[in-house]
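Asker: For the record, the sequence lines run as chains A and B.
Letter by letter, the first sequence follows residues 1 to 283 of the working numbering.
Letter by letter, the second sequence follows residues 1 to 113 of the working numbering.
No lab work stands behind these hints: they were computed from the structure.
Here the structure is a predicted model, which is why all the values come from computation and not from measurement.
Treat the hints with care, as some may be off.
[What the hints assert, rightly or not] Below, in silico cross-link-like pairs of lysine to aspartate or glutamate (EDC-like), each with a Cα-Cα straight-line distance of 20 angstroms or less:
1. A/LYS203 to A/GLU164
2. A/LYS80 to A/GLU96
3. A/LYS278 to A/GLU215
4. A/LYS80 to B/GLU48
5. B/LYS83 to A/GLU277
6. A/LYS128 to A/ASP89
7. B/LYS83 to A/GLU66
8. A/LYS235 to A/GLU266
9. A/LYS250 to A/ASP229
10. A/LYS125 to A/GLU39
11. A/LYS28 to A/GLU215
12. B/LYS87 to B/ASP65
13. A/LYS30 to A/GLU164
14. B/LYS83 to A/GLU90
15. B/LYS83 to A/GLU39
16. A/LYS74 to B/ASP61
17. A/LYS80 to B/GLU42
18. A/LYS74 to B/GLU113
19. B/LYS87 to B/GLU98
20. A/LYS80 to A/GLU63
21. A/LYS30 to A/ASP48
[Stated by the list, open to error] Restraint-style ranges between C-beta atoms, simulated for each label pair:
22. A/PHE197 to B/GLU40: 35 to 43 angstroms
23. B/MET95 to A/CYS101: 50 to 58 angstroms
24. B/GLU48 to A/GLU63: 17 to 25 angstroms
25. B/LYS8 to A/GLY10: 30 to 38 angstroms
26. A/GLU54 to B/GLU37: 54 to 62 angstroms
[Stated by the list, open to error] A few chain A residues facing chain B, derived, Cβ under 10 angstroms:
27. LEU87
28. MET92
29. PHE97
30. LEU212
31. GLU215
We treat Cβ as the ideally placed atom computed from N, Cα and C, and that holds for glycine.
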Amino acid sequence: MILAIASGKGGTGKTTLSTNLASYISEKQKVTLADLDVEEPNSGLFLDVEKDLEKDMFKKIPEWKESECILCGKCQEWCKFNCIQVLGDEVMIFPEFCHTCHMCVDLCPGSALSFKDVRMGRLSKSHKGNLTFVESRLNIGEEQAVSLISQTIDYTENYADEDELIIVDAPPGAACPVMEVVDKSDFVILVTEPTPFGLNDLKIAVETMRVLNREFAVVINRYGIGNDDVISYCKAENIDILAKINNDRKLAELYSKGNLLYKHSENLREQLDLIIEKLHLLK
Amino acid sequence: MKIAFTSKGNSWSSEMDPRFGRAEYIFVYDEESKKIEVVENEGISQVEHGAGPRTAKLVFDINPDIIITGNGPGGNALRVLEKADIKMFTGASEMSLEEAYKKYQNNELTIFE
Numbered sequence: 001m002i003l004a005i006a007s008g009k010g011g012t013g014k015t016t017l018s019t020n021l022a023s024y025i026s027e028k029q030k031v032t033l034a035d036l037d038v039e040e041p042n043s044g045l046f047l048d049v050e051k052d053l054e055k056d057m058f059k060k061i062p063e064w065k066e067s068e069c070i071l072c073g074k075c076q077e078w079c080k081f082n083c084i085q086v087l088g089d090e091v092m093i094f095p096e097f098c099h100t101c102h103m104c105v106d107l108c109p110g111s112a113l114s115f116k117d118v119r120m121g122r123l124s125k126s127h128k129g130n131l132t133f134v135e136s137r138l139n140i141g142e143e144q145a146v147s148l149i150s151q152t153i154d155y156t157e158n159y160a161d162e163d164e165l166i167i168v169d170a171p172p173g174a175a176c177p178v179m180e181v182v183d184k185s186d187f188v189i190l191v192t193e194p195t196p197f198g199l200n201d202l203k204i205a206v207e208t209m210r211v212l213n214r215e216f217a218v219v220i221n222r223y224g225i226g227n228d229d230v231i232s233y234c235k236a237e238n239i240d241i242l243a244k245i246n247n248d249r250k251l252a253e254l255y256s257k258g259n260l261l262y263k264h265s266e267n268l269r270e271q272l273d274l275i276i277e278k279l280h281l282l283k
Numbered sequence: 001m002k003i004a005f006t007s008k009g010n011s012w013s014s015e016m017d018p019r020f021g022r023a024e025y026i027f028v029y030d031e032e033s034k035k036i037e038v039v040e041n042e043g044i045s046q047v048e049h050g051a052g053p054r055t056a057k058l059v060f061d062i063n064p065d066i067i068i069t070g071n072g073p074g075g076n077a078l079r080v081l082e083k084a085d086i087k088m089f090t091g092a093s094e095m096s097l098e099e100a101y102k103k104y105q106n107n108e109l110t111i112f113e
């Protein structure tokens, strides 16, 4: 099972929940955590893990072979991202726009386009006890996160045991990178905070889940600040609130020093237990 | 000389569009024949990625000798324009096409190199 931890708003506590839930579960059974926020991965900062391997990750971009090209212009017409332009008798490719959708290469009538591998980032795998941690890091200047996210999920699924719980820390927002994560997950926890800003972005995230037809529930972090509007909204929309993690300055201080929090907070352990119980995360 | 302008409208009195990639229209004036041709940069506001190369391709096919614009192209559009050997003048923003043309004639625009 892949359990995604996502949110509309950034900074609501995705990484806090991901790292603490995964570490807490690893005290009892095997679990894998994958940090899919490849543009700014930070789960690793909280985990005292030992690195097993690191490897380069590649994206495929089209390459033009002049001798095979009949200059039909179909590739330019098809490409939704304006990555290919036919200029006179030359085809010019703009790799940074390429989403590796395969259309141009697969459908080129003259076999003039083939893929070449371009390095886009680096994946690492590490472990501590029962916890496996996978992280991918996008190269600086690389625009397309989706392909790296997708490959990282595939890698993690292949590596993990068939019945192993995989928790994935999603990127913030509701755009393509998040949708890729959600699309490949079985269940999504949306972390929010009980503020107007939190509610606004939660609504956007909920809409995304509904478009993608994915099962989800909410966890409220920093419970006690702001107002009750998030709770009223969830009630009105029939959205399950799995847990409410108290706002606690002590925890914020521990977090800022890179510590896991569940060992220091009974409330957090109780809330993690609620999540584990409601989602049947333990075997 | 065939001169292209990035424009927000389809006449000499229209305002210059300072953006290259997202220019709404390409207004083309042929100094020899005195003919005007206006090409709409169709659907460009809906384009999320690659507006630069796409507009550059449009200009490439129009094949002017000179293009007059405001801010100048980004790196990707430039790759296309370099292929076409089109001379570019920048600095023509917040003015009408007519004014931009006068400035060009008086050598008051910056040549983009």
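Asker: Measure nothing beyond the straight line between the CA atoms of B/LYS87 and B/ASP65; if it is 20 angstroms or shorter, mark the hint as holding.
Answerer: 6 angstroms, holds
Asker: Between the alpha carbons of A/LYS128 and A/ASP89, is the straight-line distance 20 angstroms or under?
Answerer: Violated - the C-alpha atoms of A/ASP89 and A/LYS128 are around 57 angstroms apart, more than 20 angstroms.
Asker: Would you mind confirming whether the straight-line C-alpha gap from A/LYS28 to A/GLU215 stays at or under 20 angstroms?
Answerer: 26 angstroms, violated
Asker: So if I understand the rule, the pair passes when the alpha-carbon distance is 20 angstroms or less; does A/LYS80 with B/GLU42 pass?
Answerer: 14 angstroms, holds
Asker: Tell me if the straight-line CA distance from A/LYS250 to A/ASP229 falls inside 20 angstroms.
Answerer: Not OK: A/LYS250 and A/ASP229 at ~25 angstroms, beyond 20 angstroms, violated.
Asker: Would you check the hint for A/LYS80 and A/GLU63, treating anything up to 20 angstroms between C-alpha atoms as holding?
Answerer: Holds: A/LYS80 and A/GLU63 sit about 17 angstroms apart, inside 20 angstroms.
Asker: Just to be careful, I want the Cα atoms of A/LYS80 and B/GLU48 compared with a cutoff of 20 angstroms; is the pair within it?
Answerer: 9 angstroms, holds
Asker: Taking 10 angstroms as the limit, does the beta-carbon of A/LEU87 come near enough to a beta-carbon in chain B?
Answerer: 5 angstroms, holds
Asker: Straight-line Cα separation of A/LYS80 and A/GLU96 no greater than 20 angstroms?
Answerer: Given that 20 angstroms is the threshold and the Cα spacing comes to 13 angstroms, the pair holds.
Asker: Regarding A/PHE197 and B/GLU40, is the given constraint of 35 to 43 angstroms on their beta-carbon distance met?
Answerer: 40 angstroms, holds
Asker: Against chain B, is A/PHE97 within 10 angstroms by beta-carbon distance?
Answerer: 4 angstroms, holds
Asker: What's the verdict on B/LYS83 and A/GLU39, does the C-alpha distance respect the 20 angstroms limit or exceed it?
Answerer: Roughly 34 angstroms between the alpha carbons, so the hint for B/LYS83 and A/GLU39 is violated.
Of the numbered hints listed earlier, those contradicted by the structure are 1, 5, 6, 8, 9, 11, 15, 18, 23, 30 and 31.
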